[in-house]
Amino acid sequence: MYCHINTGGLRGLESYVAQVEVDISRGLPCFDMVGLLASEIKEARERIRVALRNAQVNVPAEKITVNISPAGIHKAGTAFDLPVALGIMTAQGMIPAQRLENVLVAGELGLNACVKPIRGTLPIVMEAARMGMKECILPLDNIKEGILAGDVEIMGVENLQEASLYLCRDEDGRKEMRARAIERYEQKSEKKDKSVSEETMDFSVIRGMQEAKYAAMTAAAGFHNLLLSGPPGAGKTMLARCIPSILPPLNKEEQRQISAIYSVAGQLPSGELLTQRPFVSPHHTVSPYALAGGGSIPKPGMVTLAHKGVLFLDEMAEFKRSTLDILRQPMEEGKIYLAKSGGNFVYPADFMLVAATNPCPCGYFPDRNRCRCTQSEIHRYLSRISGPMLDRIDLSCVVRPVPFQKLWEEGAVRREYVRETALADMEWNSAAMLDKVMAARERQKFRYAGSRICLNGRLGAGEILRYCRLGLAQQQFLEKAAEKMKCSARACHRILRVARTLADLEEKAEIGCQHISQAIYYRLGEEAFAYE
Amino acid sequence: MNNLSAAGENTFSVDEKLQWTQEEAVQSYLLYTTRGIGAVSIRRLIEATGSASAVSRLSQDRLTELIGEKRTEALQKGKEAKRQSCAVKRFHQLQEKGIFFLPYWMEGFPKRLAEIPDPPVALFGMGRMPDFSQKTAAVIGARECSGYGRQTAAIFAAGLASAGVTIVSGMARGVDGIAQRAALDAGGSCVAVLGCGVDICYPPENRILYERLKKEGCLLSEYPPGTQPQARFFPERNRIISGLSDLVLVTEAREKSGTLITVDMALEQGRDVYAVPGRITDSCSVGCNRLIANGAGMAVSVSQLLQDLNMKKSVRMIQKNRNFHASDGRPLSNKIMEVLDCNPMSLDEIAGLLSQKGEQITVQEVMEELILLCMEEKAGCHGGMYFSAGSACIS
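Top to bottom, those sequences are chains C and V. Just so we're aligned, residue 1 is where the first sequence starts under our numbering, counting upward by one. Just so we're aligned, residue 1 is where the second sequence starts under our numbering, counting upward by one.
Any given hint could be a false lead.
[As the list claims (entries may be wrong)] Below are the DSSO-like pairs computed for lysine-lysine, each with C-alpha atoms no more than 30 Å apart in a straight line: (1) C:Lys480 - V:Lys215; (2) V:Lys135 - V:Lys215; (3) C:Lys508 - V:Lys335; (4) C:Lys445 - V:Lys214; (5) C:Lys486 - V:Lys335; (6) C:Lys320 - V:Lys215; (7) V:Lys214 - C:Lys484; (8) V:Lys135 - C:Lys484; (9) V:Lys214 - C:Lys486.
[What the hints assert, rightly or not] Between beta-carbon pairs, the in silico distance windows are: (10) C:Asp435 - V:Gln356: 26 to 32 Å; (11) C:Gln475 - V:Leu332: 31 to 37 Å; (12) C:Glu507 - V:Leu332: 19 to 25 Å; (13) C:Ala290 - V:Gln228: 42 to 48 Å.
I should point out that these hints are in silico values taken from the structure, not numbers from a laboratory. We put the CB at the ideal spot given by N, CA and C, even for glycine.
I would like the entire structure built from these sequences, with the hints used as guidance.
Laid out in structure tokens, this is it:
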């Protein structure tokens, strides 16, 4: 007898609805699975056979053929165990076949017929909803993720028997089982001790360093890339770790998108939507594939995991140059194009790059009392960060160590400079800075309403001319400055982008000379990267 | 050019003298590049005859008498027609490249240099040879210099150059290159003595300076063109730097610095040595301070150095200083200039000092003002640290 059952598969970040077709007919007893399957699915035969037996289901001594269609797509993962097992039961008439219409089933089976969690639930259920499925049967551990996806009834099951029982029930019975499943899930997750989530740091713990804090705030407001350089122990890493605390919270759409990425990567442990912006900090030995996404059907790499969040490269000059240059395309386009043997994939990778580096191999340049690195050593060290890479970093800031006395001063945030300007009397803690960032974002949103872009850091050359209009005085000032500081056209564009954000932070409609000179200030740190 | 026929020795007309010079240069070059003939032999030959052309006409017996059998053989070997035409060709190639060759017995060789113990037998050069009868100063210092070292090197080099003093240095990284750049910028004359052939730019990062020196200054080397730099060449090169100068100024040197080799040579040659004092806690200035303690002159200002060289302070310098003092009506910039000094400071330090003084200024305002000051070249920035670029205090 033949039957078919809907299930979902992953291909990169995208998912598709697949059909598991099961046919049991007379012939020599055997169990074949076809449909361009990876070895973990072929191995599933043994898992399913034992699981069925342990669930007191008879595996008929007949010819069992399973096909997973569309047969042209290469399939991987363990989500097909449960639908195949249910398919065999249906083909034997243990489950009414009409019940399986508009139901999607996914889950991994254990030998004792228990159902184990799978990767990528969120995108699979989202796709199921799009394809008009009414119900989904998922592992109990993934139930929360499924519910987040949208307009589909979700049933979480713990074992095979429960799944078959659910399918045999009528409408009311199913509803009741669904409610009970959610209850059970909640009890279960309460029992698990909640892992303490890594607390983001607050800017108020950083004393002094207003120049760097202001740079961080500007970067957050305009989603500019930021380069911090300074001697070891100056607080570069600390600053970078604080940055997520001043990024605006994610909206629902972004939450869903990012959670889907993490779900595919198998990094959505709590089964809840991510509300924090990602902060991804790869070690400098990271391989190009780990950074960009690797495999014939690539898993999302670090750049994709940092989508809409911060990609922090600590000790940037220690990364391999070839690894760093991978970042050029995502930094330009906000996505990464991966051409692999399994096909071509486009993954989102719109991140804010925060890089930290020492100014020389020993770290103390330009303090010549401590640093004896030669000019060529310094050049060799910094040359790993290529010119095109630097071109994409709008803000660069030199972080100087805070004097010892300042660290021990009483009071966490002392107001040091009082004056009646928009920024003068603000306190440099994350909450206050976030307010400023939000206001600046609001201004940008209003200005760019209806256009392709929404943030200053993403302005292209043509858009800069349109949105960063300068008055005559400002234009002359920029010309003079560009001549003096030997700025290229591209450097001028970066100055204008940053100046736009600085004006937004000060709630000014027009870019003033002061914003231009501040933007130039945040370029000067980069001078160290130019050959003398 | 191709007319290389022997000229009479008692020639007086200008044309003929020029031709003789040309002939002599070729002969000198042949002598200098003959394998197996060293500086001592050349000196002995020239002392006996007076010119390379005369040497070429010496009899074998006389040669043996002067430099011994072995070297005579070498000299004869060098005279083979094939080798000779090859050397002549090379010499002309050099001329086409704009490289001149100047042995010590020809006119134009710096007198001061000829007087030192162990002077170079000949110099190769590019560019325009400055007038070495004028005052000449060597500005030298560490390769890995601090902001202070850069600044003082530039101030002294520019000040001396604009007063008409020729600046000599080694085109090395750090102080040397900075001093020479400043001297050229000031429109002064400037000489670089290299530890490699004059057609080779070492260190490569000073390419721009090298090209400028070719056009606006002068490059000298005792090594034949094409010679790659070698560590042992540099101390030898240093004796030429000090030998060319009336005065040797060290702007920054650590306790064990290569610069001190030059100083030793300068003392041996009887040159005045000056050092720029630094803070005693700065490791970059230890060498300089020790020199002062041991009796070197203390370079406290350009005008003092000029005085010691018996020169007048240039008019241009004075004007520049006046410009510096002129206030332009931005109160904040003056306040910042009061706080800034030669010692580089970070923005937070500057803002901290201002707030200590009771000024109520935001970091953003200080930022803006610093950029303006940098644009006006009143302040300088190096690695994110700011300093006063004013030469007011020392000129």
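Here is what the structure says about each hint:
no., hint, verdict
1, C:Lys480 - V:Lys215, "29 Å, holds"
2, V:Lys135 - V:Lys215, "21 Å, holds"
3, C:Lys508 - V:Lys335, "27 Å, holds"
4, C:Lys445 - V:Lys214, "56 Å, violated"
5, C:Lys486 - V:Lys335, "27 Å, holds"
6, C:Lys320 - V:Lys215, "41 Å, violated"
7, V:Lys214 - C:Lys484, "26 Å, holds"
8, V:Lys135 - C:Lys484, "34 Å, violated"
9, V:Lys214 - C:Lys486, "24 Å, holds"
10, C:Asp435 - V:Gln356: 26 to 32 Å, "30 Å, holds"
11, C:Gln475 - V:Leu332: 31 to 37 Å, "23 Å, violated"
12, C:Glu507 - V:Leu332: 19 to 25 Å, "22 Å, holds"
13, C:Ala290 - V:Gln228: 42 to 48 Å, "44 Å, holds"
The structure fails to meet hints 4, 6, 8, 11 from the earlier list, while all remaining hints are met.
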